[in-house]
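Novice: Letter by letter, the chains look like this.
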Amino acid sequence: MERSRIVFSGSGGQGVITASIILAKAAAIFEDKHAIQSQSYGAAARGGATRSDIIIDDSEICFPKVIQPNVLVSLTQESYNKFAPIIRPGGLLLVDSKYVTIEKKVDAKHITLPMYETVMKEIGKPIVFNICVLGALISISGLIRPESIMKVLETTIPEDFMEMNEKALDLGIKMGKKEHY
Amino acid sequence: MTTQAFNFKDYIRPRFFPHIWCPGCGHGIVLGSLLRAVHELGLDKNEIVMTSGIGCSSRISGYVDFHSLHTIHGRALSFATGVKLSQPNLKAIVPMGDGDALAIGGNHFIHAARRNIDITAIVMNNRIYGMTGGQFSPLSGSGKKATTAPYTTIDRDFDVAELAKSAGATFVARSTVYHANECKDLIKKGITHKGFSVVEILTQCPTYYGRKNKEGDAIQMMEGYKTNTAKIGSKKLEKNPDLIQRGIFVKNTDVPEYCEAYDKIIKTAMKGKA
Amino acid sequence: MKNKNNIRFIQGNEACVEGAIYAGIDFFAGYPITPSTEIAEHLASRLPQKGGKFIQMEDEIASMGAIIGASLTGNKVMTATSGPGFSLKQEALGYACMAEIPCVIANVQRGGPSTGNPTHVSQGDVNQARWGTHGDHAIIALTASNHQDVFEMTITAFNMAETYRTPVILLLDEVIGHMREKVTIPETGKIPVVERLRTSVKKGVDYHPYLPREDGRLPMSDFGEEHRYNVTGLFHDMWGFPNNNPKVVGELLRHLVDKIENNVNDISRFKEYWLDDAEFILVSYGSSARSAIHLARNRRSRGVKIGVLELQTLWPFPSELVKEKCAGAKAVIVVEMNLGQIVTQVKNAVDNPHNVFLSNRIDGELITPTDIKSLLRVIQGKGV
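Residue numbers (this note's numbering), protein chains in the order written: chain A, 75 to 255; chain B, 5 to 278; chain C, 47 to 430.
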């Protein structure tokens, strides 16, 4: 596979970091790939633009930061405005329709999905929004298999919440399937 | 408790003597009271760890034939916290001077009290920094002379007992080297109390504090301890409430001791894992 | 399916915790400070699970004191901190050197001086690790560039602390501490663990806590056991009694330095990549070594004869090793995130210091392969 350089961005509290860790962990442990996750740290724990970098590859990864992502996920207008300019030409840009309005097109495949609205309509819990985004991302990009995500979730979240998370992941996968990249 | 007669030599390291204290210094009386206390309690020398900082007072830890840890200035209580928490069966005794306890070490003092870890702090209050040659300490009080206060001090002093009490120490007592037997009894009570114990002992430094402040020689200074102090609950104190109080200020057995509380954490954590 | 329980996807700080647990840590004292805090957090949860002790002290000085006290009762101990806290620990660290107390101090480096750049990377504490405490002394400082190595070097740190009766500094950095990658925890016994060497001297027989054996090691006796002795930060004789006799002072200081400096070959850990025919050698360590290896691999694919010497032991500095490995190189580029701390050592070590260059970054960002490439091109005469 080609080296995937992903930037997951949004605001603190949206589960951006959690989703990126799940993605990288699933790739590293359950798909035997090399994966690295790192994030930018500020003084604030909530609010502000959050960024998490993920690199996934079949070969060893040394330099751990993403300079030019070929995949950018933005869940807030602020993070979209900030990071859209750094996307690699021909890359993939995934945003949520409730939070982000595409202002100036960049040289990338733009995909806007109503992920937040769908989660609220079908599940009613914003807490699994990030899992839905993860579902959409892996279904559009084919980065890793959904089963690997589920295996990570099984080891990290309480059983009572599994059903809700699985549903959110499926919602995302279904939305993503309609898109081509 | 023991019925055997007390012999100094059973508890000291002759190799360390003669000691460094000046003639007339009160610290030797504190050492004597401490050793008698240990003797009367019948403690095994192997179960005692003496941890001290830097200064005249801290030298006690080397003179005694216990496990001894002579550390850096002001930090003895933190070293002792490591000893005690890692091996709660050991008795941790920390002799401290003015600076160790309440200047450079003041923060460790209040936090050890707050935790209520089972350590006995013996604060040897001589109102001066002796080892460095007579500078004022946080226990000197205002209007005193010292090499760093040639025009007299403007710094107020701490009340060790009040500070220990408000920081959460569960045993707080005070005596003076004039009252050697009382010292011994209070040290005994401090050691047997489960929790952070503070025993403040007023001890004279005739060389620096006494000379600088014209309080006379060692004998005159000790007489001062006799006349200017009174036992809590005594008629003398009732008549003169401004005298320095001696006796037990706090004895509280309701607060959990830190190491015992941590043992409960271990039990919880081990269950969680299984 | 393969058992995945021993494969973890964790932060470098947690890899350090796993290493400490593997090495047999019993006691941790610390004070929260970015970017090292996860070490304290994970040990707060892990230590009591195995009957060990964790305590959050009132400051970094107290934390250092507490681990020294706990080491003397026979425990394997550690504390963790970053720049400002590392500064605070220096006096007690010197005490541990003088009194020969085994302990491990992790410093997850951030930008300094002062409060500096708490959430950003730096390698500015290399010289502080060497010379932070006052007076002549020797020190061991180890580092690592990936999580598997962080795990192993943490075990090595505990092992060396016990072997040489000395504090060992684990010099990590913010990038390594915070990023997540895979670590495989080996089965117990796969990596050797050095246990404390305790005295065989029987009760009633004179035990000399500070008299080295023939092999230079000093067997210990736990506080609480039969041998009662004095531990002090003053110069002392073989019983641990304060002594300022010139002969005693001189000999003790030499012993403290020689026990480490004379064992530089045993203490030295390093990795090498494509050095055999390398005309250009990148010398690096910690997270900057990742960028150096990245660039070297990239240039190799374009035919440039370039290799990497990754140092994992920074102190005592492996001068002979560096001299030998760099002997045939046209140019040596030291890659580090400070104004040139290891480069000075490399210049002192090699035959031709004029061929040693510094590729660095000091702005809180991880040095990139492109940063190193720019300097390489200049050295190659190709311009930027």
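No lab work stands behind these hints: they were computed from the structure. Heads up, some of the hints might be wrong.
To be verified - Here are the simulated lysine-lysine pairs, DSSO-like style, with alpha carbons at most 30 Å apart: (1) A/K139 with C/K428; (2) A/K139 with C/K96; (3) A/K156 with A/K183; (4) A/K225 with B/K275; (5) B/K49 with C/K428; (6) B/K13 with C/K428; (7) B/K268 with C/K96; (8) B/K275 with C/K236; (9) B/K169 with B/K239; (10) B/K198 with C/K96; (11) B/K243 with B/K230; (12) C/K236 with B/K49; (13) A/K139 with C/K248; (14) B/K216 with B/K49; (15) A/K156 with A/K252; (16) A/K195 with A/K252; (17) C/K419 with A/K139; (18) B/K49 with B/K243; (19) C/K317 with C/K293; (20) C/K236 with A/K225; (21) C/K249 with B/K13; (22) C/K249 with A/K156; (23) B/K275 with C/K96; (24) C/K96 with A/K225; (25) C/K317 with B/K271.
Unchecked claim - Which stretches of chain B does chain C cover? Using the computed rule of at least three CB atoms under 8 Å from a CB of chain C, they are: (26) 45-58; (27) 108-118; (28) 198-206; (29) 231-244; (30) 269-275.
Here a beta-carbon is modelled for each residue, glycine too, at the ideal position from N, C-alpha and C.
Novice: None of the hints should be skipped; say for each whether it holds.
Specialist: To see whether the hints hold, each was checked on the structure:
In summary, the hint linking A/K139 to C/K428 is supported, as the alpha carbons are separated by about 27 Å, within the 30 Å threshold. Using a Cα cut-off of 30 Å, the hinted pair A/K139 and C/K96 is violated, with the two alpha carbons roughly 36 Å apart. Note on A/K156 and A/K183: the hinted pairing holds, with a Cα-Cα distance of about 17 Å set against a maximum of 30 Å. The straight-line distance between the Cα atoms of A/K225 and B/K275 is roughly 26 Å, inside the 30 Å bound, and the hint therefore holds.
A threshold of 30 Å between alpha carbons decides the hint, and for B/K49 with C/K428 the separation of about 75 Å lies outside it, so the pair is violated. Between B/K13 and C/K428, the direct Cα distance comes to roughly 81 Å. Violation of the 30 Å bound is thereby established for this hinted pair. This hinted pair checks out: B/K268 and C/K96 have alpha carbons roughly 13 Å apart, not beyond 30 Å. Proposed proximity of B/K275 and C/K236 is supported: the alpha carbons are some 28 Å apart, at most 30 Å.
For the given pair, B/K169 sits about 24 Å from B/K239 by alpha-carbon distance, which is consistent with the 30 Å threshold. A distance of roughly 26 Å separates the Cα atoms of B/K198 and C/K96; the hinted pair therefore holds under the 30 Å criterion. For the suggested pair B/K243 and B/K230, the alpha carbons sit about 15 Å apart, so the restraint of at most 30 Å is met. For a cut-off of 30 Å, the pair hint linking C/K236 to B/K49 is broken: about 41 Å separates their Cα positions.
For the hint linking A/K139 to C/K248, the alpha-carbon distance of about 58 Å lies beyond 30 Å, and the restraint is violated. At most 30 Å may separate the alpha-carbon atoms for a hinted pair to count; B/K216 and B/K49 exceed this at roughly 39 Å. Annotation: proposed proximity of A/K156 to A/K252 holds, straight-line Cα distance about 27 Å (limit 30 Å). The hinted pair formed by A/K195 and A/K252 meets the criterion: a straight-line CA distance of about 19 Å does not exceed 30 Å.
Using a Cα cut-off of 30 Å, the hinted pair C/K419 and A/K139 holds, with the two alpha carbons roughly 17 Å apart. A threshold of 30 Å between alpha carbons decides the hint, and for B/K49 with B/K243 the separation of about 44 Å lies outside it, so the pair is violated. A hinted pair counts as satisfied when its Cα atoms are at most 30 Å apart, and C/K317 with C/K293 does not qualify at roughly 41 Å. At roughly 28 Å between alpha-carbon atoms, C/K236 and A/K225 fall within 30 Å of each other, so this suggested pair holds.
In summary, the hint linking C/K249 to B/K13 is supported, as the alpha carbons are separated by about 19 Å, within the 30 Å threshold. For the suggested pair C/K249 and A/K156, the alpha carbons sit about 71 Å apart, so the restraint of at most 30 Å is broken. A C-alpha spacing of about 11 Å is found between B/K275 and C/K96, which places the hinted pair at or below 30 Å, so the restraint holds. A C-alpha spacing of about 28 Å is found between C/K96 and A/K225, which places the hinted pair at or below 30 Å, so the restraint holds.
Among the hinted pairs, C/K317 with B/K271 is inconsistent with the structure: their alpha-carbon atoms are about 43 Å apart, more than 30 Å. Only residues whose C-beta sits within less than 8 Å of a C-beta in chain C count toward coverage, and the region 45-58 of chain B has 5 of them, enough to reach three; the restraint holds. Restraint check on the region 108-118 of chain B versus chain C: 3 residues with Cβ-Cβ distances below 8 Å, three needed, restraint holds. Coverage of the region 198-206 of chain B by chain C is violated. Counting CB-CB distances below 8 Å, 0 residues qualify, and the rule asks for three or more.
Taking a C-beta to C-beta cut-off of 8 Å, the region 231-244 of chain B contributes 0 residues in contact with chain C, too few for the three needed, and the coverage statement is violated. Taking a C-beta to C-beta cut-off of 8 Å, the region 269-275 of chain B contributes 5 residues in contact with chain C, enough for the three needed, and the coverage statement holds.
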